[in-house]
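Trainee: These are the residues of each chain, in order.
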Amino acid sequence: MMGGGRRFAGLVRKELIQFLNARAMLALILYLYTGEVLMCTTAMSFDVRNLPTVFVDLSGSAESRALRQDFASSGYFSVSHATATDAEAARQLDRGETLAAVVIPKEFSRQLARGETASVQLLLDGANANAASVAQGYAQRIVQNFAIERAAVQGAPAAPIEHRPRVWYNSELDYGYFMVLSMMALAGMMVGVITAAAGIVREKESGTLEQLLVTPVSPGEMVVAKLLPPLLVGLLALFPSLLVATAVGVPLRGSLPLFLLMSGVFLLSSLGIGILVAAVSDTLQQALLISMLALMPLLFLSGTIVPLESMPLWLQYLTELSPLRHYMDAVLGLFLKGVGLDVLWPRLVAMAAIGSALLALSVWRLRRGLG
Amino acid sequence: MRSLIWTIAWKELREIRRDPVTIAVAAVLPLLMLYLFGAALSLDVRDARLAVYDQDRSAASRALAERFPHSGYFKRSHEVHAQGEIAALLDGGRATLVLIIPEDFERKLVRGETAVVQTVTDGSFSATAMVVVGYAEAIIQDYAFERAAMRLAAHGGAPPSAVRVESRVWFNASLESRNTIVLGLLGAILMAFPPLLTALAVVREKEAGSVQQIFVSPIRPYEFIAGKMLPYAGIAFLEMLMVLAGGLWWFHIPFLGSFPLFLGATVIYVFCTVGLGLLISSVTRSQLVAMLLALLATLMPSFLFSGLLFPIFTMPLMFQLYTYLFPARYFIEIVRGIAMKGVGIDVLWPQFLALTLYTLLVFALTTRLFRKKVA
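Residue numbers (this note's numbering), protein chains in the order written: chain F, 1 to 371; chain S, 1 to 375.
Honestly, the hints are just simulated from the structure, not real lab data.
Errors might be hidden in some of the hints.
[What the hints assert, rightly or not] Computed footprint of chain S on chain F, listed as stretches where at least three residues anywhere in the stretch have a Cβ under 8 Å from a Cβ of chain S:
1) 26 to 40
2) 113 to 124
3) 261 to 274
4) 288 to 300
5) 344 to 358
Think of the CB as a built atom: it goes at the ideal place given N, C-alpha and C, for glycine as much as any other residue.
Throw the hints in and build the complete structure from the sequences for me.
Mentor: Shown next as structure tokens:
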């Protein structure tokens with residue numbers, strides 16, 4: 001028994017040294033957890049700000065100028081060009097020089113003076129559908145505000161209704177908050193799958209796996225020794241990520257030990273995917289290509305970039321098999337809602353179940369492949 | 001000279017043919033990605049779940065609440081009877097928006113005071129939350145304007161003018177986010193696989209040491225590069241055609257412009273992607289590092305910094321400039337221009353020029369780096 005323990009410790013040491021010697025890889029992993037997280041957090045947003053807009057003022061009245069001012073000062077539209085004709089606006093839209101055009105018709109001020117319904121035309125480039133929908137909402141808000149203020153000027157006493165919108169979990173509708181957590185989870189998934197797959201296949205390819213297995217080391221022990229270094233690095237890399245998250249205003253509201261526990265189980269299940277990939281491939285190239293095949297849908301369709309609710313139902317059920325989906329849920333809960341194990345235990349159980357199934361399957365497969 | 005390139009290309013092609021995994025991944029990955037992304041990545045807001053907490057239970061509050069489902073954007077799914085239920089509804093994701101109308105709503109409206117309406121939105125996903133808040137705001141303001149008009153009429157004033165927004169959306173009239181995404185995917189999918197495959201093909205030989213044999217042979221670096229690249233460029237080109245066919249057939253994406261122009265852009269882009277793979281292979285010796293580099297330098301940016309999902313004009317200026325570093329941006333602009341807008345080279349020439357220069361630069365850099373290694 002003592003000999004077994006020492007043997008195992010030696011094996012772990014060998015794996016750790018090998019893993020930590022790959023400097024370029026460690027640097028990239030660290031960058032993935034910090035630089036990439038920070039960049040995506042600051043840059044990615046579905047919000048619409050400074051939408052390049054041309055303003056075609058055919059009315060040329062005080063009212064149309066006031067409306068133009070409302071658009072320009074809203075911050076949503078960047079009213080940089082002034083153009084005299086709507087043909088010119090159309091040309092600019094076609095060429096992609098502008099993404100929106102607001103056209104105030106000639107009779108605008110006359111209609112307002114007579115109390116008729118006036119209209120404002122909004123032309124939008126729909127090539128980015130989401131940005132166009134959001135911009136449409138903003139334009140409507142600006143124009144309706146304009147109408148209500150005019151009614152107030154005409155003598156309606158106070159504004160009849162005040163709308164107080166509140167947004168939960170993410171008070172400023174900042175996608176960055178979501179993205180920082182998303183990128184952390186994505187980094188864990190990528191690192192877990194790739195390092196585990198590469199670590200095992202490399203030995204397979206060079207024939208050292210057989211050598212290892214003629215020693216008294218069991219395949220199970222070997223797998224555990226292979227898993228420890230990437231698990232350790234994956235967990236340690238979370239700390240700089242946590243700093244980045246705090247720096248951009250997404251502090252961990254839930255408990256740190258629970259977060260580490262969740263992350264550990266999640267990393268193990270990602271490593272499990274990697275080992276399974278290694279078990280079915282013969283060369284490193286194959287393993288990396290298969291990892292890529294597995295990672296693509298897993299990375300982007302686990303509730304990381306778009307929410308699960310917006311996906312078709314069959315796909316939502318399918319994502320139950322993705323550890324990343326459960327981890328994402330857990331992380332959102334821990335960071336944004338500050339909930340604890342009483343709410344998140346199903347996620348933990350699901351990740352643990354997926355992880356153990358994967359590990360069992362791959363150890364079995366490895367043993368059979370070599371036996 | 002030329003025959004040496006063909007010899008290397010031929011040898012590479014034979015090796016690819018021997019590896020069923022490579023062929024399977026090359027064929028399956030693009031279609032799988034296209035299908036899953038096209039089916040799953042929808043940012044459209046339809047039938048957002050609305051919960052109503054009507055404390056007033058008046059004609060006015062009912063009228064306001066009724067306007068939400070009438071707008072076509074909301075589906076009334078829950079009635080809330082106590083403040084405490086709201087948290088559970090949002091926590092469980094059973095409601096997207098809760099409309100709270102306080103007790104004194106109608107009384108204040110009638111007295112000419114300002115009534116307050118509250119909405120609480122689930123903001124966990126801001127892309128859709130923003131659209132939902134926008135719709136809610138428009139509905140409430142619409143109602144507010146009518147009440148303002150009623151007040152003016154009650155005071156004997158002239159009715160105020162309503163101002164309507166007549167919006168027309170060009171190039172994608174139904175605001176289908178799928179069109180946006182699938183056309184963008186054409187650029188991103190090609191950045192997922194060909195660079196990785198090309199990089200692995202070279203680094204594999206480096207790892208095995210066989211690349212030394214090539215460098216001592218009379219083969220010149222550019223011949224080696226060209227030979228290695230050609231088979232993968234061919235594969236990438238076929239992938240692009242497959243993905244386009246899939247997009248047209250499964251998702252009925254529009255294609256208004258010129259197909260030959262699209263093919264021209266594709267040829268340049270294909271060389272750009274495999275060129276990037278070669279560039280990666282020239283700076284690393286390990287397949288694992290090549291994979292991580294491919295993920296970081298080609299795949300992630302072409303999803304995140306290309307305008308595929310996230311509009312570029314909203315990014316901080318520094319990141320707007322950063323997007324020019326990745327060729328996916330140029331290609332996606334070209335594809336959307338051709339397919340959605342039906343515009344031609346007279347409009348798209350800057351993007352074509354940028355893509356071509358970029359590709360040439362990548363090749364120049366790669367050849368230089370390889371030559372240095374040999375010397």
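Trainee: Next step is simple, just say for each hint if it's right about the structure.
Mentor: Hint-by-hint comparison with the structure:
1. 26 to 40: holds (count 7)
2. 113 to 124: This one holds; 11 residues, not fewer than the three required, reach chain S with a Cβ under 8 Å.
3. 261 to 274: Three-residue rule not met by the region 261 to 274 of chain F, so violated; n is 0.
4. 288 to 300: With 9 residues close enough to chain S, the hint holds.
5. 344 to 358: That given contact is violated, which follows from only 0 residues of the region 344 to 358 of chain F lying within Cβ reach (below 8 Å) of chain S.
Checked against the numbered hints given earlier, this structure breaks hints 3, 5; the rest are met.
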